[in-house]
Amino acid sequence: METTILEMRGITKTFPGVKALSDVNLDVREGEIHAIVGENGAGKSTLMKVLSGVYPAGSYDGQIIYRGGEVQFKNIRDSEHQNIVIIHQELALVPLLSIAENIFLGNEVAKNGVINWDEARAGARKLLAMVGLKEDPDTLITHIGVGKQQLVEIAKALSKEVKLLILDEPTASLSEKDSTALLELLLEFKKQGITSILISHKLNEIKRVADRVTVIRDGRTIETMDKADISEDRIITSMVGRSLEDRYPDRVPNIGETLFEVKDWSVYHPLHADRQVVKNIALHVNKGEVVGIAGLMGSGRTEFAMSVFGRTYGQKISGQVLMNGKVVDTSTVRRAVDAGLAYATEDRKTYGLNLIDHIKNNVTIANLPGVSRNGVLDDMAEMKVANDYRKATNIRSSSVLQLTGNLSGGNQQKVVLSKWLFSDPEVLILDEPTRGIDVGAKYEIYTIINKLAGEGKGILVISSEMPELLGICDRIYVMNEGRIVGELSGDEASQEKIMRAIVRAEGRTA
Amino acid sequence: MTTETAPTPSEVPTPVSAGPSGRSILQANLRDYGLVVALLAIMVFFQIFTAGTMFKPVNLTNLVLQNSYIIIMALGMLLVIVAGHIDLSVGSVSGFIGAIAAILMVQYHVPAIPAGLLCLVLGAIIGASQGYFIAYVKVPSFIVTLAGMLVFKGLSLAVLGGKSVGPFPTEFQLLSAGFIPDVIGPITLVAPKLDAAGKAIVGSSIVLHSTTMVIGILIVLAMVFSSLRTRARRRSHGYDSEPFPLFVVKTAIIAGLVLYITYLVASYKGLPNVLIVMSILIAFFVFMTKRMTIGRRIYALGGNPKAAQLSGIKTERLTFYVFTIMGALAALAGLIFAARLNTATPKAGQGFELDVIAAVFIGGASALGGVGQVAGAVIGAFILGVMNNGMSILGINIDLQQMIKGVVLLGAVVFDLYNKNKA
Ligand SMILES: Nc1ncnc2c1ncn2[C@@H]1O[C@H](COP(=O)(O)OP(=O)(O)OP(=O)(O)O)[C@@H](O)[C@H]1O
Ligand SMILES: [Mg+2]
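Sequences listed follow chains A and B, in order. Residue numbers are given in numbering that gives the first Met the number 0: position 37 of the first sequence equals residue 36, and the series is strictly consecutive. Residue numbers are given in numbering that gives the first Met the number 0: position 376 of the second sequence equals residue 375, and the series is strictly consecutive.
Don't read these hints as lab results, they were simulated from the structure. Some clues are possibly wrong.
[What the hints assert, rightly or not] When the alpha-carbon atoms are kept at most 27 Å apart in a straight line, the in silico DSSO-like pairs for lysine-lysine are as follows:
{"#": "1", "chain 1": "A", "residue 1": "Lys348", "chain 2": "B", "residue 2": "Lys313"}
{"#": "2", "chain 1": "A", "residue 1": "Lys315", "chain 2": "B", "residue 2": "Lys313"}
{"#": "3", "chain 1": "A", "residue 1": "Lys496", "chain 2": "A", "residue 2": "Lys286"}
[To be verified] Which chain A residues stay away from chain B? Per the calculated CB distances, all over 12 Å, these:
{"#": "4", "residue": "Ser174"}
{"#": "5", "residue": "Thr223"}
{"#": "6", "residue": "Ile501"}
Idealized CB from N, CA, C, for every residue including glycine.
Turn these sequences into a full structure, and let the hints guide you.
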């Protein structure tokens, strides 16, 4: 009864200096949720871009057979005409247009070039209801969170009468709740007969919703598993080529005196001067300690970190930052760095990388004095630094001279991390350090964190993945609506306790 | 499509920097080589169609003199454009500085050197004040410098009272019209033929300005030595560099060209003073953009301002500096132009900004910022200059000249985009 809706045969795609895909096969059955997993840079996104016509026919070798016939897409429109819709790893919405405008962008409800706004709004409302998003269609995209933006993308896909929906890491930047809602939606679509291809590094999600899983490693298909065979361990073994005993490396904490301390920290929204985003926060990190900040999306964790790091967020900032017991000035990024702080951003494209420059220059940019003398750069020293970090964080690239814009998402994340590791801080603030990173590389990043802690540095990790915080932290703060609402030691902390702290706080404010 | 390296399997440790292979180095530099080749091709084209006028020593010397001010401003403009901005005011500013120089030297009899220095400082201040609005008040550079363009155009008119002011004292004219002294003494390569009356026939002899020749040879030696050293250093650190034959050919061509041009220049009046000033500036800007931290920071700023700021780069101050440098260079260009014409006219400098900006874009800079090379901008300026020069010799109408230049600009950028998409 199961018919194959899509078959990709012998796909090979080469970029200058990199063979991203070699002889990849994929077959997807009608109405299933087919997951694709693989390490960072394995070629998942590339394969989907081949499928959706981002890379036009002719720029790759191999065959695509869709609904019984061979197809050759020259661009995305071609694939959309065949009801294949892709939602990219990096969202493609126009921030200053409304939800409705974005949904119908390029597909306007118009007669002779004149848009019928009433109809567009009505249509948008219907689509938003289908994805379960309660927002006014006139709301601008910038004013809604990433989770909701993701839903708008899906609504946009639905407006095109999608038959095959491709989602590239849709839940990477979503909270647990939003992720669950999105996965529910996929299951709902499945009932309606829509086929989905789902790329994700969150293996628990895959286990939950996927009917079959195809594993890609180094640009080759390794295997396709059936529902019955899917287990996280099995996927990992297949992905990295060996089994991973532990998700979190062992470490014996050796915690010293207080290194970093923030007192009574308050921040207001940059545009709305009366909206307090961070409310009288006090926290500290000891030498050799890994401290986590848990919380839901929008709880003010990133805002807190950025306001501390050179006041790069917010206004009317008040409070004190202390290093080794002495008050330090962190009012500009330079001063914060000089004081021994580093902040690796969660938003690599906007805040983290110069995408039109190569890995080497991105790694050294925050610490040029470290590779120069009297303002003159030592290019050999730079090459060495870049190569060392490329190896340490296992960045998959043709060389350190590859443009960061051409790296896979996870590898870009590793470049951001390398940059701040090289700045050699006393206290390293990591904001969602493993977003979009594969399980194997996560382990390596945890190992690096442990090594830094072992050297007596302080690490502050902001993460929305609770298991990660539980796995690596000595102490966890729980943050909610700009306030610290709980503090748990690593031994006593558990997912339930964190959630309970949040719920209790919400009950109090409500 | 090239198929070179397969991705390394995760079991095999990645080699310490598989540096780019010779072929990919060639590919990466295709544009740079292409630019040089284009310049040479254009020169040869005009050499043929102007019946050998293009490469005449006197013409080459003129070419340098005529384009020096554009090239000098292109250096600053490159920084501005790489930083993600634009400066439309440079033409007006250079005209204004020329006017001030004339007032100082001609009307107030201030000696050339203090007057010139004063003008450079004034240019830097003008650049800084525009930079202040751009960097700190955050007014888009397009608007600030558009305003500057109008203001300084008006100011030049006002300062000069609508008239031309000149001539300049002779020592100031030397800036543009002077040549370095021949301390070693001329060498006669071919003795002049004598006519029936026993007088030398003009142009029949070749007398070399030997100091120029010596300087040229020294420069070539220094160049070869330094590129050999860089190469050895790369090798000793285990990095690939271009294949040896390619290296030899490239170095030989460049050395040959420099020597030939030196020879040509030496067989006229020797090195013009301007060329010395210009060469030092070019060398410094190449060094600054390639090897100095400030240069690296400017590229980072243009590539992603937010990321640069979060990396601890003082983006505002850096922008401010870039415009200050631009102002000083516009002033220098204004001085050179005034010295060349030997008068300051209210119309001086008008439209220069277009040539300067075009040179930078022909040279491969990106309008979005973060991309561009000093060498590219200089060659871009020479391409425009050679075309101006050649078309004038050919007597092509100014209207047609403009059109051809426009098409070349568009063509160069289209070529760039095409190359980028193919990669
Ligand atoms: N435009 C490009 N030019 C050169 N190389 C590229 C380009 N796009 C992708 N690559 C390379 O192709 C490989 C596969 O990249 P791809 O984005 O498909 O990985 P991925 O499996 O999606 O990884 P991730 O999980 O990190 O998103 C990587 O090595 C990447 O560096
Ligand atoms: Mg990807």
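Okay, the hints, checked on the actual structure:
1. A/Lys348 / B/Lys313: Given that 27 Å is the threshold and the Cα spacing comes to 20 Å, the pair holds.
2. A/Lys315 / B/Lys313: Answer holds: lysine 315 of chain A to lysine 313 of chain B is near 21 Å, not above 27 Å.
3. A/Lys496 / A/Lys286: Holds, at about 26 Å.
4. Ser174: Consistent with the label, serine 174 of chain A stays out of reach of chain B, its closest Cβ about 24 Å off (over 12 Å).
5. Thr223: Check passes; 20 Å lies beyond 12 Å.
6. Ile501: Non-interface label on isoleucine 501 of chain A holds, nearest chain B Cβ at 29 Å vs cutoff 12 Å.
In this structure, none of the earlier numbered hints is contradicted; all agree with it.
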